[in-house]
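Undergrad: Can you make the complete structure from the sequences, with help from the hints?
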Amino acid sequence: MWVPGAGIPSRLTLSAFTRAGRFCVLNSGVARWKDVPAENCRGLYDFHPQLKPDVGFGKLSSRLYKSRSETKRYVTSPRVAETVVRMLRGKRKAGQLILECNPGPGVLTRALLASGARVIALESDKHFLPGLKSLRDNVNGRLDVIYCDFFKLDPRNRGTVTPPVMTSDMLFQYLGIKAHPWKKGFPLKVVGILPVKTERNTLWKILHDLYSCSSVYKYGRAELNLFVSEKECRKLTANPQTPGLYQSLSVLGQTACAIKVLCTEPSSSFDAYTAKGQLERQRHRESLEQNVCFIQLTPHRNLFTGTLTPFNYDVFFHMLRQCFMKRNAKLIDHLPSLSPIDAMYILKQIKKPKDVRVVDMYPEDFQHLFETIECSKDDTCKWLYDEFMEDTLA
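Quick note: the sequence shown uses full-length UniProt numbering, first residue 1, plus one each step.
It should be emphasised that the hints constitute simulated quantities derived from the structure, not laboratory data. Note that CB positions come from ideal geometry on N, CA and C, so glycine has one too. Careful: at least some of the hints might be erroneous.
Per label pair, the in silico range of CB-to-CB distance [stated by the list, open to error]: (1) N239 to K133: 24 to 30 Å; (2) R142 to P243: 25 to 31 Å; (3) K260 to E82: 14 to 20 Å; (4) P163 to D342: 51 to 57 Å; (5) K260 to R156: 40 to 46 Å; (6) G159 to Q290: 36 to 42 Å; (7) E70 to D360: 37 to 43 Å; (8) P336 to E70: 41 to 47 Å; (9) H127 to H300: 37 to 43 Å.
Below, a list of computed lysine-lysine pairs in the PhoX-like style, where the Cα atoms sit at most 25 Å apart [unchecked claim]: (10) K205 to K231; (11) K184 to K260; (12) K351 to K326; (13) K126 to K197; (14) K231 to K184; (15) K183 to K197.
TA: Take a look at the structure:
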């Protein structure tokens with residue numbers, strides 16, 4: 001975690017570097033002032049994130065990361081595997097580095113290797129490890145196999161983690177991959193299928209890691225190529241033209257990344273396996289989404305060139321979640337609970353009418369709203385922060 005200051009409530013720590021140097025906290029309806037270090041942390045375009053190590057960890061307690069029976073999808077269709085290879089290759093030459101998450105039976109792994117790629121296979125199911133290691137022994141060092149679950153990297157409440165749960169530092173130090181400046185991208189592509197039962201939580205974790213430049217994003221601007229359910233894909237790419245699907249996740253995803261839907265496949269193109277490596281029964285498979293979308297999430301190169309930084313991203317999260325709690329309400333009705341700055345002044349600055357609703361705002365409008373409040377020069381208090389929202393933000 002970032003440790004920019006001391007003596008600040010945990011969920012406010014990342015906001016400690018906002019430009020004003022102080023902000024207003026609401027508690028039980030009473031406002032009070034919190035003095036925080038005044039420090040300007042803009043211009044982080046070429047920074048190397050340096051995270052201070054967490055200390056004093058207890059035993060692993062989060063249920064999310066305990067081993068449990070869960071069904072996972074795997075690419076088992078050679079046609080789908082070839083489609084993925086073609087999408088990943090693009091205009092690049094052979095030899096690119098691919099980090100494949102939960103390859104399972106290795107159908108996609110073989111297709112990637114056949115294209116000339118070097119593959120790092122992160123497999124969380126021990127039942128598939130022997131087959132992958134056998135393949136590794138016959139491809140002249142172009143395949144590494146690691147017992148690891150990519151989607152459970154860097155658990156929030158981690159103690160002494162043991163595989164398949166790992167930290168990104170453990171993984172990338174083992175692979176010999178060093179941190180890269182944000183604007184220079186990242187030397188590998190990540191490909192995988194989001195866990196069926198925890199898609200939404202996994203997407204939130206990815207976005208949290210991205211905005212805070214933690215986990216894999218501590219090492220650079222990693223591109224993720226993921227199969228997700230069509231339902232979650234539609235929400236992630238929604239906008240005011242599809243108000244029923246539009247939500248804070250949509251805004252955060254599109255603000256942080258260029259999102260491309262590369263292809264859509266029927267769920268019949270995948271096989272589902274239990275945690276014991278057994279093929280899932282058909283009657284259970286029918287409950288899965290009918291279509292699965294292959295999407296590409298490429299973090300914007302200029303994400304941290306303006307007001308938004310890894311130090312104040314949590315305020316942006318808070319703003320969006322507050323707004324979308326009443327998505328059909330007028331924005332002007334939300335503003336008094338977000339900032340003491342005059343609501344009409346804010347609307348004038350972002351060039352929106354007073355009857356504009358939350359669902360009428362595009363991602364770039366929300367970013368403009370955040371920047372307007374964050375950069376206001378007339379108020380020493382930029383934001384109203386209700387500590388009751390801490391659990392909502394977690």
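Undergrad: What hint numbers does the structure not satisfy?
TA: Of the numbered hints given earlier, those the structure breaks are 1, 2, 5, 14, 15, listed in rising order.
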